[in-house]
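Chemist: Below, each chain spelled out in residue letters.
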Amino acid sequence: MARTRPIMPAWFHRLGSPKGFYSMTTPWLPWLAAASLVLLIGGAVWGLGFAPADAKQGNSFRIIYIHVPSAFLALAGYYVMAVAGAIGLIWRMKLSFVAMKAAAPLGAALTLISLVTGALWGKPTWGTYWVWDARITSMLVLFFLYLGVIALHYAYTNGEAAGKAAAVLALVGTANIPIIYKSVDWWYTLHQPATIKLTEAPSMHPSMFQPLLVMIAGFYCLYALVLILNIRAEILHRERGSHWVVELARSRRS
Amino acid sequence: MHPIRRQRLIAVIFVVVLATVAVGLVTYALRQNINLFYTPSQITAGEAPEGTRIRVGGMVVPGSVQRVPGSLETLFTVTDGAGEVKIAYTGILPDLFAENEAAVATGMMREDGTFGASEVLAKHDENYMPPEVADAMEKAMDKAHEARQ
Amino acid sequence: MSAPDVVPTLATGRAFRALLVRDLTLAFRHRGEMANPLIFFVMVATLIPLGVTPESRQLAALAPGIIWVMALLASLLSAESLFLADYRDGTLEQLVLSPQPLWLMVLAKITVHWLVTGLPLTLLSPLLGIMLSLPAAGFGSLMVSLVLGTAALSMIGAIGAALTVAISRGGLLLSLIVMPLYMPVLIFGASAVQLAVDGMSPAGNLAVLGALLAFSCLLSPFATAGALRVSLHG
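Taken in order, these protein sequences are the chains called R, D and W. Each residue of the first sequence is one higher than the one before, counting from 1 in this note's numbering. Each residue of the second sequence is one higher than the one before, counting from 1 in this note's numbering. Each residue of the third sequence is one higher than the one before, counting from 1 in this note's numbering.
In isolation and in its complexed conformation, chain R is listed as follows:
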């Protein structure tokens, strides 16, 4: 039980209670919304309008300003989901199961976006919409993994068991994520090696790279915003009978 462990700071417990989370995140929302709006609009205008066209690919390369951030978050989102599930299984924290449930459809949507934008980019670049390449295929598998977690969640009628079962599945699925990420190194394939390397300088020209960074930051803000909104909606749904939710609804109505 979380309460018997004084090692954890107070905010951890506050985050753990649905009501605490709800009241704690309310002031965050306008800031996150403003940040994601500014970053996304700024990054899109910069990347689509002002960044120079690529020497070989021309303007079609600009799709990476959507493709790369969504692929980034599709992968990171799986970890968010799996870590939330693991926290739920270990500390029996109900809120983390809520977070996991909220992260699943979001991650699935981002995976789909990165697959579709990748296909649209592949046509002018590689001459085909779809290639059964290691990384693309693993992205598709990632999409199926997300769908499995969502489907398993809905199949259980008992909410808590649903969270635990989906958490086990999500953790098993994480075994596939390193394979996805390393697949480019393992197979020499069509898909170019990762453009942004964490250890080396980016192999992209700064004038193209900077708007991409802005877009990635914007996607992260938007992801956080939508995730929190999703969690809040789920909290309200689960706690709809409790006193504070009824109070909240009453105060909104008046």
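Read the hints as simulated data drawn from the structure, not as lab findings.
Computed footprint of chain D on chain W, listed as stretches where at least three residues anywhere in the stretch have a Cβ under 8 Å from a Cβ of chain D:
hint, stretch
1, 101-108
2, 202-208
3, 215-226
No residue lacks a Cβ here, since even glycine has one placed at the ideal position from N, Cα and C.
Chain R is already provided as a structure; the job is to place chains D and W on it using the hints.
Modeler: Using the frame of chain R, we list chains D and W on its own:
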């Protein structure tokens, strides 16, 4: 031994043995050419098998692209700096296919030493750069060439 | 580990063996059920020439992939029954409550599942190879890859079976959640056979298949045990 400890010992041995086996097998597999991808120098050295589908990748040699008149057949040569392979392909090449660019072809080695491709894909490198930079780099390369001569 | 005060009265190895023998006996008494995935395996092999082409050269090109996909589907079909009967008659509850380590008991059940589905599928696969005119060079690789691969499939399928055992009509859901996890096994299994057919060494692919088996052995008993606890007690 206490039964509970015994159970834990079994679990630990189980995990350690299997992890070792998994790591050992992966290391062994990584040393094999698992995806049938061959470089032109491997092919000129005769390492590639004849009559089986393999993949060849390399830079398209400038000036080597010939289109056979009256058909869709194209002949070109790819190189990795050390070896060269002549590739024959019938069909429409992707837009990004160009001389001095990387291409990956899937097909079979023919008896006459050319590679009969059934599919050609252009593989662009991982460097994104604006045209001016590309031009500047090309000029710099040319200068370096002249300096050497 | 759930009840550290209770000392197991039965040695762990003995319990493992007892469960193995019990499940094997049960499977043998229900021979009809055991045969179903095998019949499925052979019947679908008959559909392929009817649906695609009876021309042997084209069949030969498709054979490694088709045999592997069908072995995968047959294994998937049988995975649902892994815990279902034990769940319905309460045996599963007894296993979970027993002081024996659940993961070892799960391992025994998975082993039996492989012995009654994966192994017969492997032994039957040369017949399918002949039906689909698989070139002679591929047979050895086909059997080795199926031995390793179906064992890995049983391991992975067990996780899905444990997660869906308490759900009514969980069969379709089981295939949905397990299939993505099956894919790496299929890729390396089918390409090992293809390599052998093409006259190349399948050793690298078989090694990866072995690594996948070892890795799934490592992960599956523990994940399945956890999933069974969730399924039974929420």
